[in-house]
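If you read the protein sequences in the order shown, they are chains A and B.
If you use our numbering, the first sequence corresponds to residues 4 to 271, in order.
If you use our numbering, the second sequence corresponds to residues 181 to 494, in order.
Do not take every clue at face value.
As the list claims (entries may be wrong) - List time: in silico DSS-like cross-link candidates among lysine-lysine, alpha-carbon distance up to 27 Å:
hint: 1; chain 1: B; residue 1: K296; chain 2: B; residue 2: K342
hint: 2; chain 1: A; residue 1: K87; chain 2: A; residue 2: K253
hint: 3; chain 1: B; residue 1: K482; chain 2: A; residue 2: K128
hint: 4; chain 1: B; residue 1: K296; chain 2: A; residue 2: K129
hint: 5; chain 1: B; residue 1: K389; chain 2: A; residue 2: K128
hint: 6; chain 1: B; residue 1: K296; chain 2: A; residue 2: K92
hint: 7; chain 1: B; residue 1: K389; chain 2: A; residue 2: K132
hint: 8; chain 1: A; residue 1: K87; chain 2: B; residue 2: K389
hint: 9; chain 1: A; residue 1: K132; chain 2: A; residue 2: K199
hint: 10; chain 1: A; residue 1: K87; chain 2: A; residue 2: K199
hint: 11; chain 1: B; residue 1: K296; chain 2: B; residue 2: K389
Unchecked claim - What the simulated footprint calls covered on chain B by chain A, stretch by stretch (three residues with Cβ under 8 Å from a Cβ of chain A suffice, anywhere in the stretch; the number is not a length):
hint: 12; stretch: 382-393
hint: 13; stretch: 448-458
FYI, nobody ran anything at the bench for these hints, they're computed from the structure.
For glycine and all other residues, C-beta sits at the position ideal for the given N, C-alpha and C.
Here's the letter readout for the chains.
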Amino acid sequence: MTGDTSLGTSGSPTSSRDSVFEVSHLYKVFHTDSGPVMALRDINLDVRPGEFLSFVGPSGCGKSTLLNVIAGLLPASHGEVSFKGQPVKEPSRDIGMMFQTSVLFPWRTVLENVLMPIEIFGWDKKAYKDRAVELLAAVGLESFVEAYPAQLSGGMQQRASLARVLLYDPAVLLLDEPFGALDEFTRENMNLELLKIWSATGKTVIFVTHNINEAVFLSDRVVVMTPRPGEVAKVLDVDLPRPRSLQVMKDARFGEQVFEIRELLGVA
Amino acid sequence: MSHEHGTPDGPGGVRPAEAWPETPIRVVLSEPARGVPGPRVMDELEERLLGSAPAAASKRPTALLVSLGTCLALLLGWYALPHLGLVNPLLLPDPIQVTRGLWLLIEGGFLPRHFKVTLTEVGIGFVIGATAGFVLGTLLALSPFLRKILSPYILALQSLPKVVLAPLIIGWLGFGVESKIATAVAICFFPLMINTLVGLTLPTDEPMKLMSSLGASRWQVYRKLRLPTAAPLIFVGVKHSALLAFTGALVAEILVGSSEGLGRLVATYNQQIRMELAFAVVVIVAAMAVAAVMFFDYLDRKLIFWREDKAGVR
Chain A
4 MTGDTSLGTS GSPTSSRDSV FEVSHLYKVF HTDSGPVMAL RDINLDVRPG EFLSFVGPSG
64 CGKSTLLNVI AGLLPASHGE VSFKGQPVKE PSRDIGMMFQ TSVLFPWRTV LENVLMPIEI
124 FGWDKKAYKD RAVELLAAVG LESFVEAYPA QLSGGMQQRA SLARVLLYDP AVLLLDEPFG
184 ALDEFTRENM NLELLKIWSA TGKTVIFVTH NINEAVFLSD RVVVMTPRPG EVAKVLDVDL
244 PRPRSLQVMK DARFGEQVFE IRELLGVA
Chain B
181 MSHEHGTPDG PGGVRPAEAW PETPIRVVLS EPARGVPGPR VMDELEERLL GSAPAAASKR
241 PTALLVSLGT CLALLLGWYA LPHLGLVNPL LLPDPIQVTR GLWLLIEGGF LPRHFKVTLT
301 EVGIGFVIGA TAGFVLGTLL ALSPFLRKIL SPYILALQSL PKVVLAPLII GWLGFGVESK
361 IATAVAICFF PLMINTLVGL TLPTDEPMKL MSSLGASRWQ VYRKLRLPTA APLIFVGVKH
421 SALLAFTGAL VAEILVGSSE GLGRLVATYN QQIRMELAFA VVVIVAAMAV AAVMFFDYLD
481 RKLIFWREDK AGVR
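Isolated chain A (complex conformation) (with noise of 0.2 Å):
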């Protein structure tokens, strides 16, 4: 069992022991109207201290469902979740998580949105001020502390909403498709920005996706999953050179891993 002492050792060998979450035989089944549905089956998994880890798949195939659980909002059918060696059992403060939509609420500032969190685990809001701040200014918002969410567009919400899980540090990011509804060139913004914030603080990162070229950028691996029921077909390990910038892309290794993954997924 390892603290967050090892946080930031990105890339190094881990043994399973040294994992941030592990996943053994998990199975997620839901009860619908229409009949039990499988949606996950036998999912085993390490998430190593300060990697990038994404979940890649067609809609449907459960990666929001895995994280979700791995969250501790969604209980496992079968199999277990741990968390730095303790079963998930419900969510945790070191836990944080972003969405698809920011999910600011239109009556607070950004500020106070922001600050929320820290409003609901009961500490002080003063002392958090300024740092909510600081977080603002570092993802392009300082000048719009004191706006309301509607004044901002989409990308600069998904900012806020940043921020917002920046400002209590949980040492592990989930992600969910959080920049799913921005526009391409938006999306690559937010994209830089996010391995930026993840290089600077050595935080470990889940993200969800259905963009393979955005997985294999931003990721050290990528575990790739089967359609519905969600099965892990392979995680593999993106060996493409870090700090990463654009110009990623152009390598051919780059292109090698995105098909990989394609013909895993069959739409090669």
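Please arrange chain B on chain A, whose structure you already have, making use of the hints.
Okay, now just chain B, sitting in the frame of chain A:
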């Protein structure tokens, strides 16, 4: 790369145009700009296009004239109907007669008494009905169990035209103020209950997940997410309830042979075929209702400043 070209980056274009130009998109990685041309000098055509005043700006006085004209035309039409013999003048007094009736009522000095009685019935009925509607709506929203066992009865009661209860209520509570308040309560209770129930269950999956991921308590989810999300709908319910409280109190007044209240006045003048007086009371009731709606509209704008014809967090 800078953003002076204003690449739209939101789904559905939610951003207001004026917020855009100063948007700083921070480039974190020190990357060379990707073929974005720098700012360039505007040519004559562009300057002319950007400099011209919007054509719509000069149309405002016309709109005012149109609404004044409409108002005048309606008054004239009303005046013409009895005078052209299209409607019996006994049944439809013209605007001038109604104004005179209004003056007679005010001069008579008994109006404040009736006004106060009706306002009290409506006020008390609204406060009780709205509070009960809000509380029950909240309980139903937060307890799926209660919702399940009570929903058939609620549906039955909801479909029932509540006015039909008025004679029963009068039978139970007598001819005093109580039966009018109770009728107002019965009629104004539902819209607020339904809107509270619907509003509080409005938050979608992702906001709920965010709250859970933060370990928010049920109370925190209610206070910080559900209630503000529901607020715009609750306010619509409040307005609706306030107007229905008028309906309830007036219906009960008209049904009961009581001696006080504006509804009673209308019924009495109607029987006496003093139509200009009956119409004058209607004008007063209409003014009260309009004042109530304006008051709640004002509160709505102040309290629910984020309303954009959409409720809830997406």
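| request: With a cut-off of 27 Å on the C-alpha distance, tell me whether K296 of chain B and K92 of chain A pass. | output: Violated. K296 of chain B to K92 of chain A sits at ~60 Å, over the 27 Å cutoff.
| task | Take a quick look at whether K482 of chain B and K128 of chain A sit within 27 Å of each other, Cα to Cα. | result | Holds - the C-alpha atoms of K128 of chain A and K482 of chain B are around 26 Å apart, at most 27 Å.
| task | Given the hint that K389 of chain B pairs with K132 of chain A, test it: the Cα-Cα distance must not exceed 27 Å. | result | OK: K389 of chain B and K132 of chain A at ~24 Å, within 27 Å.
| field | Agreement of K87 of chain A and K389 of chain B with the hint, judged by alpha carbon distance not exceeding 27 Å | value | Holds: K87 of chain A and K389 of chain B sit about 22 Å apart, inside 27 Å.
| Hey, K132 of chain A versus K199 of chain A, does the alpha-carbon distance stay inside 27 Å? | Within the cut-off at roughly 23 Å; holds.
| message | For K87 of chain A and K199 of chain A, compute the direct alpha-carbon distance and say whether it is at most 27 Å. | response | holds, 25 Å
| message | For the stretch 448-458 of chain B, count the residues whose Cβ lies under 8 Å from any Cβ of chain A; is that count three or more? | response | Result for this restraint: violated, n = 0.
| K389 of chain B and K128 of chain A: Cα distance at most 27 Å? | It holds: about 22 Å lies between the C-alpha atoms, which stays within 27 Å.
| said: Can you confirm whether the C-alpha distance between K296 of chain B and K129 of chain A stays at or below 27 Å? | reply: Roughly 50 Å separates the two Cα atoms, so the pair is violated.
| Does the structure keep K87 of chain A and K253 of chain A at a Cα separation of 27 Å or less? | Given that 27 Å is the threshold and the Cα spacing comes to 38 Å, the pair is violated.
| query | Taking 27 Å as the top limit, are the C-alpha atoms of K296 of chain B and K342 of chain B close enough? | reply | holds, 25 Å
| message | Holds or violated: K296 of chain B and K389 of chain B, Cα atoms, limit 27 Å. | response | violated, 50 Å
Comparing the model with each earlier hint shows violations of hints 2, 4, 6, 11, 13; every other hint is respected.
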